[in-house]
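Construct the complete structure from the given sequences, taking the supplied hints into account.
Protein sequence lines correspond, in order, to chains V and U.
Under this note's numbering, the first sequence has 80 at position 80, and the numbering climbs by one with no breaks.
Under this note's numbering, the second sequence has 197 at position 197, and the numbering climbs by one with no breaks.
Hint data in this document are derived by calculation from the structure and do not stem from the laboratory.
Just so you know, not all the hints are guaranteed correct.
Unchecked claim - Covered stretches of chain V, going by a simulated chain U footprint (3 or more residues, C-beta under 8 Å):
| # | stretch |
| --- | --- |
| 1 | 1–14 |
| 2 | 49–56 |
Unchecked claim - Some, not all, of what chain U presents toward chain V, calculated at C-beta under 8 Å:
| # | residue |
| --- | --- |
| 3 | M1 |
| 4 | E3 |
| 5 | P4 |
| 6 | D8 |
| 7 | I41 |
| 8 | D46 |
| 9 | I49 |
| 10 | G51 |
| 11 | A52 |
| 12 | P53 |
| 13 | R211 |
Stated by the list, open to error - Anything over 12 Å on all C-beta distances counts as not near chain V; from chain U, calculated:
| # | residue |
| --- | --- |
| 14 | R21 |
| 15 | T22 |
| 16 | R70 |
| 17 | R76 |
| 18 | G77 |
| 19 | Q94 |
| 20 | D120 |
| 21 | T130 |
| 22 | D137 |
| 23 | G150 |
| 24 | P156 |
| 25 | A160 |
| 26 | A214 |
| 27 | E233 |
| 28 | S241 |
Ideal Cβ placement from N, Cα and C applies to all residues, glycine included.
If you want the building blocks of each chain, they are given just below.
There are 2 protein chains.
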Amino acid sequence: MDEPEPGDVFGELIKDAWAVRTGVGPRPLAGGRVPRPVIEIIERDDGLINGAPADHYLGDPGEWQPHDHRALRLCRGAVLDIGCGAGRTALELQRRSMAVTGLDVSPGAIEIARKRGLRDTVVATVEDFTRGATRYDTFLLLGNNLGLLGGPEQAPKFLAALAQLAKPGARIVAQGTDPYGTTDPVHVAYHQRNRDRGRLGGQLRLRLRYRRLATDWFDYLNCSVPELEGLLEGTAWRLKSVDLQDRPYYVAVMERC
Amino acid sequence: MDEPEPGDVFGELIKDAWAVRTGVGPRPLAGGRVPRPVIEIIERDDGLINGAPADHYLGDPGEWQPHDHRALRLCRGAVLDIGCGAGRTALELQRRSMAVTGLDVSPGAIEIARKRGLRDTVVATVEDFTRGATRYDTFLLLGNNLGLLGGPEQAPKFLAALAQLAKPGARIVAQGTDPYGTTDPVHVAYHQRNRDRGRLGGQLRLRLRYRRLATDWFDYLNCSVPELEGLLEGTAWRLKSVDLQDRPYYVAVMERC
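Below, the structure written as structure tokens:
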């Protein structure tokens with residue numbers, strides 16, 4: 001059995017999802033073949049595999065979760081939308097005449113964001129981006145992108161990079177998920193397995209797959225609010241507020257100390 | 001990274017899809033978590049992975065493809081619905097007061113078929129089932145289940161088992177897919193790779209995955225009509241008619257020689 005290949009998994013996925021949404025493709029179908037939704041596949045290191053329709057990455061504001069709308073109202077000044085994907089939220093900020101830069105590591109996702117009209121885009125990690133001179137008032141991490149904190153090792157580096165990119169008085173607006181409400185035995189066992197290995201319970205080790213492509217394995221963090229406060233200790237950021245209206249999802253606002 | 005575990009992949013998938021469709025579950029969600037459709041994941045031996053919503057396995061007749069309706073009109077006498085899954089087509093035949101047995105290797109799928117009201121069910125392969133005394137007038141292979149022919153090695157055995165199970169004048173009604181209309185380079189390359197290995201181009205080598213479970217790798221055949229005729233040579237069956245209205249999908253009727 002052949003292994004999948006490295007590549008811009010998320011970008012290829014988004015390009016196909018965009019083609020399906022706009023009725024262009026995604027690629028030549030055998031005549032008459034019934035079109036199918038584009039599915040994002042996520043593998044976890046305990047052998048769990050999940051698929052989910054990718055179309056939500058392209059959702060118009062009317063299709064969003066309520067906490068996304070509340071999160072956008074927390075943005076101030078120049079906004080860096082981190083992991084902006086196909087520009088779902090950055091495009092709405094731009095429409096509201098806010099200064100917004102869309103940053104993503106996926107060239108394919110940024111290609112679609114630009115096609116959809118997003119003007120200021122960067123293909124980079126936040127760590128790479130600190131080498132530039134641009135500074136921001138708000139760092140936006142939506143679509144569960146608080147997960148980019150990764151875990152106890154990765155979070156301080158990520159937060160230090162944001163501190164470097166920050167104007168005075170800057171804030172982080174981030175949507176996370178508390179993983180511990182579940183009673184699903186597969187997830188409960190996974191949280192325990194992580195703790196047994198010295199990891200946070202919701203410190204997911206994942207890779208994305210799409211067609212013949214796979215990413216490397218990476219950490220993506222679902223943490224509780226107390227765990228988030230623990231990760232902020234000793235960093236340049238402190239928790240200012242948490243919107244818990246849509247549990248287990250939450251929107252955290254962090255400010256520079 | 002842990003390997004997935006063996007188990008009734010299709011059954012677990014169908015049970016969850018049924019729970020979602022009927023609004024029961026599938027399993028405890030963390031309070032407020034947004035429910036997601038159940039996705040069937042199929043890996044191919046070239047590293048390709050695809051996901052597709054599983055709900056179609058439970059589709060009412062109003063949701064079917066047109067060729068399914070035309071296929072049911074070709075059924076005569078006592079029908080064995082092979083790979084009946086959750087009873088999608090067998091239930092409709094039963095509703096029409098036809099004699100129908102639903103056969104599937106998945107205990108979980110048969111459990112759901114019975115819950116939905118299918119009265120005559122068997123958990124077995126067709127080879128196992130030949131040991132019984134029941135004989136049939138029609139063998140129904142819908143949902144692309146002509147694929148159960150597998151390939152040049154497996155097809156004669158499968159067709160011999162059906163011949164053993166056949167009453168005089170019996171027929172096979174089977175829906176297949178001609179794979180060769182595609183211009184997708186991934187699939188075109190896969191067909192060539194198969195031929196280079198002495199296999200039929202559309203002789204897919206697959207495994208199903210769902211959550212932490214995976215099947216063994218198995219052959220599943222997408223063949224053209226000429227390839228089907230080749231596979232029937234020397235068997236007890238001959239091609240009687242092919243309905244090509246919904247290309248690349250087709251419905252083939254085979255009769256006992």
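Against the structure, the hints come out as follows:
{"no.": "1", "hint": "1–14", "result": "holds (count 5)"}
{"no.": "2", "hint": "49–56", "result": "holds (count 5)"}
{"no.": "3", "hint": "M1", "result": "holds, 5 Å"}
{"no.": "4", "hint": "E3", "result": "holds, 6 Å"}
{"no.": "5", "hint": "P4", "result": "holds, 4 Å"}
{"no.": "6", "hint": "D8", "result": "violated, 15 Å"}
{"no.": "7", "hint": "I41", "result": "holds, 5 Å"}
{"no.": "8", "hint": "D46", "result": "holds, 5 Å"}
{"no.": "9", "hint": "I49", "result": "holds, 5 Å"}
{"no.": "10", "hint": "G51", "result": "holds, 3 Å"}
{"no.": "11", "hint": "A52", "result": "holds, 6 Å"}
{"no.": "12", "hint": "P53", "result": "holds, 7 Å"}
{"no.": "13", "hint": "R211", "result": "holds, 6 Å"}
{"no.": "14", "hint": "R21", "result": "holds, 16 Å"}
{"no.": "15", "hint": "T22", "result": "holds, 19 Å"}
{"no.": "16", "hint": "R70", "result": "holds, 15 Å"}
{"no.": "17", "hint": "R76", "result": "holds, 28 Å"}
{"no.": "18", "hint": "G77", "result": "holds, 31 Å"}
{"no.": "19", "hint": "Q94", "result": "holds, 26 Å"}
{"no.": "20", "hint": "D120", "result": "holds, 30 Å"}
{"no.": "21", "hint": "T130", "result": "holds, 32 Å"}
{"no.": "22", "hint": "D137", "result": "holds, 30 Å"}
{"no.": "23", "hint": "G150", "result": "holds, 17 Å"}
{"no.": "24", "hint": "P156", "result": "holds, 26 Å"}
{"no.": "25", "hint": "A160", "result": "holds, 30 Å"}
{"no.": "26", "hint": "A214", "result": "violated, 8 Å"}
{"no.": "27", "hint": "E233", "result": "holds, 26 Å"}
{"no.": "28", "hint": "S241", "result": "holds, 19 Å"}
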